[in-house]
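Those sequence lines, one after another, are chains A and B. Using the working numbering, read the first sequence as starting at 1 and increasing by one per residue. Using the working numbering, read the second sequence as starting at 1001 and increasing by one per residue.
To be clear, the hints were calculated from the coordinates, so they are not data collected in a lab. Check the hints yourself; a few may be wrong.
What the hints assert, rightly or not - Quick look at which bits of chain B chain A covers, simulated, 3 or more residues with Cβ under 8 Å:
1) 1198-1206
2) 1222-1234
Claimed, not checked - SDA-like, lysine to any residue: derived pairs with alpha carbons at most 20 Å apart:
3) A:LYS272 x B:ARG1207
4) A:LYS148 x B:ALA1142
5) B:LYS1002 x B:ALA1142
6) A:LYS271 x A:GLY128
7) A:LYS113 x B:ARG1269
8) B:LYS1002 x B:TYR1024
9) B:LYS1187 x A:GLU255
Quick reminder that beta carbons are idealized off the backbone N, C-alpha and C, glycines included.
Number of protein chains: 2
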Amino acid sequence: MKIMIAGLGLIGGSMAKSLKRAGYAVAGSDRPSVEEAALKAGAIDAIARDTAAYDVVFVALPPDAAMQFIGASAFREGAIVADICGVKGVLEKFVYSAPRVFRYVGCHPMAGKEVSGFENSDASLFDGASMIVTLCEKTDPAALSQLKELFGQMGFGLVRECTAAYHDEKIAYTSQLAHIVSNAYVKSGTANGFPGFTGGSFQDMTRIAGVDEEVWTRLYMLNLPAVTAELETLIGHLSEYLAALQGGDEQALKELLRQGRLRKAELDREKKIL
Amino acid sequence: MKIMIAGLGLIGGSMAKSLKRAGYAVAGSDRPSVEEAALKAGAIDAIARDTAAYDVVFVALPPDAAMQFIGASAFREGAIVADICGVKGVLEKFVYSAPRVFRYVGCHPMAGKEVSGFENSDASLFDGASMIVTLCEKTDPAALSQLKELFGQMGFGLVRECTAAYHDEKIAYTSQLAHIVSNAYVKSGTANGFPGFTGGSFQDMTRIAGVDEEVWTRLYMLNLPAVTAELETLIGHLSEYLAALQGGDEQALKELLRQGRLRKAELDREKKIL
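Turn these sequences into a full structure, and let the hints steer you where they fit.
Right under this line is the structure:
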């Protein structure tokens, strides 16, 4: 099985390294300087020049670049092409907007770091993590099962299958909204002088605040209705607490906090069931 | 030096255990069942019956109970009395509302867990953590320096000195607001089915969602103007992102994210300087 990874950043580089760790030969492509670094680090065995030479092509590029790459490249008939973008509906729609000789599976690894680039890639980045794969009626079951085997060998602890629409709805909430909240949270003037005034809550709330605006703006634009709805929902909930605080309404505030506590317990139970 | 701890929950119990670890004899008081558990666990050497018998009394109770305890107890002349409440202005005002024979220092350890009670207390809870002490013109420098020595022996890595007003303003933001955001974040209907759809952002955002509403409602009520102002500020910022999303304004969204990223970098630099 000949494997290629297009894009050797944090995710692509980590995919290459984890596949190498599992004993596979891997070819990769990126800017020349990154290709050289990946070769030197032993993350790839060769620079990939001809996409049509590979059985499996992972497209580890941001959404717009991924669609451009998939649209402009020649693939082997029956090749598995899998992107790793954080939005899936637009990718799936793009892929199936034309007849394709390859078999497409949308993927989104639930692993990352606050830093990017090949220099931060890591063979163990996916160990125990969840890989989401998005399926539709056109998905080839054999391609899916081959990828699932690879993902297990790369260290993923779980493969979660769903539709692209379901993925985009969940991710708008679990990831995209969280990054907005974190990015907004640090903007208070009170944040200056915070060292010594936190035991961890503030760090957790702001860990992901430093988003790359080029990447994330596109992710938001490509999942606009879902993320807009989630932010509206959160602001609506926060406004209930604000009204209670502004009115000095102790009972209302207590009830809001109680509902949140019960909801958290419900989600913790869901997590245990999985 | 005879030390007493009133209240042997997560914080009081951990203070007792860390003081024992440092070689001190410690007396404690709580409900009879907790006193027995603390004795049995070796966290305290004796049950404290007479507050006037101690040189240092840590009041590890929630704010209302702490004020009641301080107001109703007899203390030795010159004893050091230190509360550990998460709001400091109301405590200081209460203490100095009457002539006192003891020397008061307001304290707030920046350490905790998502669980409470003596059963979760831990000798190493404060290791490396920050202890905030709040000072005013009535604070006795000798009492402060004796406490700082004790805090170092208990494992604290840093003692941060400030006024009660400064503490309350910072904590409204770093801790109180964070708990509201976390508590509100879980209320989205989209949260159900989250397992497999997060790489850590969602967990970080919601770790502290399960607040004890009895404790936290009081903390909010006792620091109402500061926490109200912080929540207003956050909702204001979030509303800017919402307007950009609703308008599909990619440039505005990118600029908002960029400002947040720069702000985060600024705060990270502040942290390194400390």
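Do the hints match the structure? See the list:
no., hint, result
1, 1198-1206, "holds (count 8)"
2, 1222-1234, "holds (count 8)"
3, A:LYS272 x B:ARG1207, "15 Å, holds"
4, A:LYS148 x B:ALA1142, "66 Å, violated"
5, B:LYS1002 x B:ALA1142, "16 Å, holds"
6, A:LYS271 x A:GLY128, "15 Å, holds"
7, A:LYS113 x B:ARG1269, "19 Å, holds"
8, B:LYS1002 x B:TYR1024, "9 Å, holds"
9, B:LYS1187 x A:GLU255, "13 Å, holds"
Hint violations for this structure: number 4 only, all remaining hints satisfied.
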